[in-house]
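So the sequence shown is numbered by numbering that gives the first Met the number 0: it starts at 0 and just counts up by one.
By construction, these hints were calculated from the structure, which means they are not laboratory data. Take the hints with a grain of salt, since some may be wrong.
In silico DSSO-like pairs for lysine-lysine, Cα to Cα no more than 27 Å straight-line [to be verified]:
no. : residue 1 : residue 2
1   : K209      : K33
2   : K181      : K259
3   : K37       : K256
4   : K75       : K92
5   : K183      : K47
6   : K74       : K185
7   : K238      : K187
8   : K209      : K63
9   : K217      : K33
10  : K89       : K47
11  : K75       : K183
12  : K256      : K57
13  : K75       : K181
14  : K37       : K209
15  : K185      : K256
16  : K185      : K75
17  : K33       : K19
18  : K238      : K256
19  : K259      : K63
20  : K259      : K217
21  : K256      : K187
22  : K238      : K217
23  : K33       : K47
24  : K80       : K183
25  : K33       : K63
26  : K238      : K47
27  : K75       : K187
28  : K181      : K33
29  : K185      : K37
30  : K57       : K239
31  : K185      : K259
32  : K238      : K183
33  : K183      : K57
34  : K57       : K209
35  : K181      : K57
36  : K217      : K47
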Amino acid sequence: MPQRHSKNNNDLAFFTYDEKRKLGYGTQKERLGKDSIKPFDACCLCLKPFIDPMCCQKGHVFCKECILECLLAQKKDIQRKLAAHAALQKQEKEEEEEKLMLQKARELDAFDQQNHGAVPQYSDRNHGRDKHGFHGANSVKATSYEEEALRTMKAFWLPSATPEAPAKVEAPSTSTVCPEGKEKLKMKTLFPIQFTEDNSEENESNSLDKTYICPSCKVTLTNTLSLVALSSCGHVFCKKCADQFMAVDKVCLVCNKACKERNLVNLEKGGTGFAGHGDRLQATDFKHLGSGSGLGLVRPAMKT
Numbered sequence: 000m001p002q003r004h005s006k007n008n009n010d011l012a013f014f015t016y017d018e019k020r021k022l023g024y025g026t027q028k029e030r031l032g033k034d035s036i037k038p039f040d041a042c043c044l045c046l047k048p049f050i051d052p053m054c055c056q057k058g059h060v061f062c063k064e065c066i067l068e069c070l071l072a073q074k075k076d077i078q079r080k081l082a083a084h085a086a087l088q089k090q091e092k093e094e095e096e097e098k099l100m101l102q103k104a105r106e107l108d109a110f111d112q113q114n115h116g117a118v119p120q121y122s123d124r125n126h127g128r129d130k131h132g133f134h135g136a137n138s139v140k141a142t143s144y145e146e147e148a149l150r151t152m153k154a155f156w157l158p159s160a161t162p163e164a165p166a167k168v169e170a171p172s173t174s175t176v177c178p179e180g181k182e183k184l185k186m187k188t189l190f191p192i193q194f195t196e197d198n199s200e201e202n203e204s205n206s207l208d209k210t211y212i213c214p215s216c217k218v219t220l221t222n223t224l225s226l227v228a229l230s231s232c233g234h235v236f237c238k239k240c241a242d243q244f245m246a247v248d249k250v251c252l253v254c255n256k257a258c259k260e261r262n263l264v265n266l267e268k269g270g271t272g273f274a275g276h277g278d279r280l281q282a283t284d285f286k287h288l289g290s291g292s293g294l295g296l297v298r299p300a301m302k303t
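Start from the sequences, fold in the hints, and give me the full structure.
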């Protein structure tokens, strides 16, 4: 069955709704697939299967070498910023002292001219004779009046009358941050985690990659499961077993080490294209048909 005439009608001077939709007008949404989401057993920095995994208190997993290099680079950058800030403060202090000395010298010269009428000897060319060729108190009053007029005059085209906003530079932060969650992170807050590998005969014969299971219920760990790590010993369980056993018994099911509720850390991970888990699995992009987008030139408007 052919389409309606309204969808095939393209002789209008404006874009119809169907034409805008075909050109990609508005907000475009696309659900991310499995290939676009980081696996739960991958490092947040190198995006490869982790080696000697370390976890922060917010549940972000890194390779030990990757996170240590990142923290070391942050500390070096902080030292560089602190040194630059200290040099800038020293320079500002020296400029402020120089301004105070010049102001005091000018005040003394002005006082001497007003009271004695003496002609000061300036080494600077800017402090020579004025445009009328006079010295003394009259010249000082005219100069101060002109300076006041220049300060109050709103002439943005004159460099001498352009106001200058003092750039206040704040001291840089001295704390390292997590590269994934952007919260404060220290090396002592990181703890190693241990995944239980599936060493069954069926898994060894079917798969070459490492497969991890929950040590309690023996379920294979995937992105669709919520995982919990114990900061006291580092063992990783599925959230169902952690809530059912460890939150009640206050003990690890593998090593029998005591744990409290604050030791249960939910691991951050990306979901799949079929299960959301609230991990930003939908990519959105907005396009308009205005000038500069290139879409407005697809079909020229009719001449009226």
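Right, here's what the structure says about each hint:
1. K209 / K33: Roughly 18 Å between the alpha carbons, so the hint for K209 and K33 holds.
2. K181 / K259: holds (26 Å)
3. K37 / K256: The hint is violated at about 31 Å.
4. K75 / K92: holds (26 Å)
5. K183 / K47: It holds: about 24 Å lies between the C-alpha atoms, which stays within 27 Å.
6. K74 / K185: The hint holds at about 11 Å.
7. K238 / K187: holds (25 Å)
8. K209 / K63: holds (19 Å)
9. K217 / K33: holds (23 Å)
10. K89 / K47: Violated - the C-alpha atoms of K47 and K89 are around 46 Å apart, more than 27 Å.
11. K75 / K183: Distance of about 16 Å is within 27 Å: holds.
12. K256 / K57: The hint holds at about 22 Å.
13. K75 / K181: The given pair, whose Cα atoms are some 18 Å apart, holds under the 27 Å limit.
14. K37 / K209: holds (16 Å)
15. K185 / K256: Within the cut-off at roughly 24 Å; holds.
16. K185 / K75: holds (15 Å)
17. K33 / K19: It is violated: about 30 Å lies between the C-alpha atoms, which goes past 27 Å.
18. K238 / K256: Cα-Cα ~18 Å, so holds.
19. K259 / K63: holds (25 Å)
20. K259 / K217: holds (23 Å)
21. K256 / K187: holds (20 Å)
22. K238 / K217: Since the Cα atoms of K238 and K217 sit roughly 13 Å apart, the hinted pair holds (cutoff 27 Å).
23. K33 / K47: Distance of about 15 Å is within 27 Å: holds.
24. K80 / K183: holds (18 Å)
25. K33 / K63: Holds, at about 26 Å.
26. K238 / K47: Answer holds: K238 to K47 is near 24 Å, not above 27 Å.
27. K75 / K187: Answer holds: K75 to K187 is near 18 Å, not above 27 Å.
28. K181 / K33: Holds, at roughly 25 Å.
29. K185 / K37: Holds: K185 and K37 sit about 24 Å apart, inside 27 Å.
30. K57 / K239: holds (19 Å)
31. K185 / K259: holds (21 Å)
32. K238 / K183: Holds, at about 26 Å.
33. K183 / K57: Between K183 and K57 the Cα gap is close to 10 Å, so the pair holds against 27 Å.
34. K57 / K209: Since the Cα atoms of K57 and K209 sit roughly 25 Å apart, the hinted pair holds (cutoff 27 Å).
35. K181 / K57: Measuring from Cα to Cα gives roughly 10 Å; hence the hint holds.
36. K217 / K47: holds (25 Å)
Violation of the numbered hints given earlier is confined to hints 3, 10 and 17; the remaining hints are satisfied by the structure.
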